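We have chain A; now place chain B onto it with these hints.
Protein chains in written order, with our numbering: chain A, 1 to 161; chain B, 1001 to 1076.
These are calculated hints, taken from the structure and not from any lab test. Being a predicted model, the structure only gives us computed values, none of them experimental. Any given hint could be a false lead.
What the simulated footprint calls covered on chain B by chain A, stretch by stretch (three residues with Cβ under 8 Å from a Cβ of chain A suffice, anywhere in the stretch; the number is not a length) [said to hold, decoys possible]:
hint, segment
1, 1004-1017
2, 1021-1028
3, 1031-1041
4, 1044-1052
If you want the footprint, here are the derived chain A segments under chain B, 3+ residues with CB under 8 Å [unchecked claim]:
hint, segment
5, 55-62
6, 94-101
7, 106-118
No residue lacks a Cβ here, since even glycine has one placed at the ideal position from N, Cα and C.
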Amino acid sequence: MTAKKRKSKNKKKRPLHKGLPFDKTSRLVRPRNSVNYQFNTALPFFGELRNLVLKISPPSFPRLEKSIRKIGRLKLVAATGVFLNLNNSRIDLLLIGDDIDYKKLNNFIKNLEAEMGLELRYVIMGTDEFVYRYNMFDRFTRDILDSPHKKVINKIKGLAT
Amino acid sequence: MPTNDKIIDSLFGSKTRARLLKIFLHNPALSLCLDDISAKTKLPKNNVKKELAALLNLKIIKTVHRHDRKKKKIKK
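Same shape as in the complex, but just chain A:
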């Protein structure tokens, strides 16, 4: 018997009835009486505070543009929804471009979500696909570009700024 084998045989096994090892980071194994936090909606100025925070929370567009450029060759970036405080929009961010680094994109979205405190709804499309869709009057792209939005980047010819 080699030393390695002996070592593994001598290793104590955790008895099954004692349960899984406690792991703080795991979502499945968590102490049962851990505390959750929630906003106290009984506050008298809850509505006012909410309006204040939601109204000033969208990040500034120049800064957004700066970080968005690193993702890839983006042709069009349009911000709607939460960026303009619109409630009934389909998406929040439209990204059109090629050679997109999905790792960077993911990171960018995660950071933005962390900063804004909500989940963003975003669409990413290739330039060809977007041009095709736009020219055939695709409902989805037309809806976004007809509703109020702010073009952070616009390099597509023949599209109004």
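Relative to the frame of chain A, chain B by itself:
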């Protein structure tokens, strides 16, 4: 002119506190535990813990015990 995010950060005292308020005010019905909050805001747990305690003191945030939700009645 300072940007919106800078205004909100310094108005509430810290970046952590501003982000906490944002996440809670965007979804008031949602209850989150410390791990989730720190993951969602991308902030270290220690800071989050400290700010949560401050907000709890002000009664802006309330605690919900997790096992309260498990006491669901089972219909027979």
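Outcome of the hint check:
Note: the segment 1004-1017 of chain B has 4 residues with beta-carbon separation from chain A under 8 Å; the three-residue rule is met and the coverage holds. Counting residues of the segment 1021-1028 of chain B whose beta carbon lies closer than 8 Å to any beta carbon of chain A gives 8, which reaches the threshold of three, so the coverage claim holds. With 8 residues having a Cβ less than 8 Å from any Cβ of chain A, the segment 1031-1041 of chain B passes the three-residue criterion, so the hint holds. For the segment 1044-1052 of chain B, the stated coverage by chain A is not satisfied: 1 residues place a CB nearer than 8 Å to a CB of that chain, which falls below the threshold of 3.
Three residues within the 8 Å Cβ limit are the bar, and the segment 55-62 of chain A against chain B gives 5, so the coverage statement holds. With 0 residues having a Cβ less than 8 Å from any Cβ of chain B, the segment 94-101 of chain A misses the three-residue criterion, and the hint is violated. Coverage of the segment 106-118 of chain A by chain B holds in this model, with 8 residues showing a Cβ closer than 8 Å to a Cβ of that chain against a need of three.
Comparing the model with each earlier hint shows violations of hints 4 and 6; every other hint is respected.
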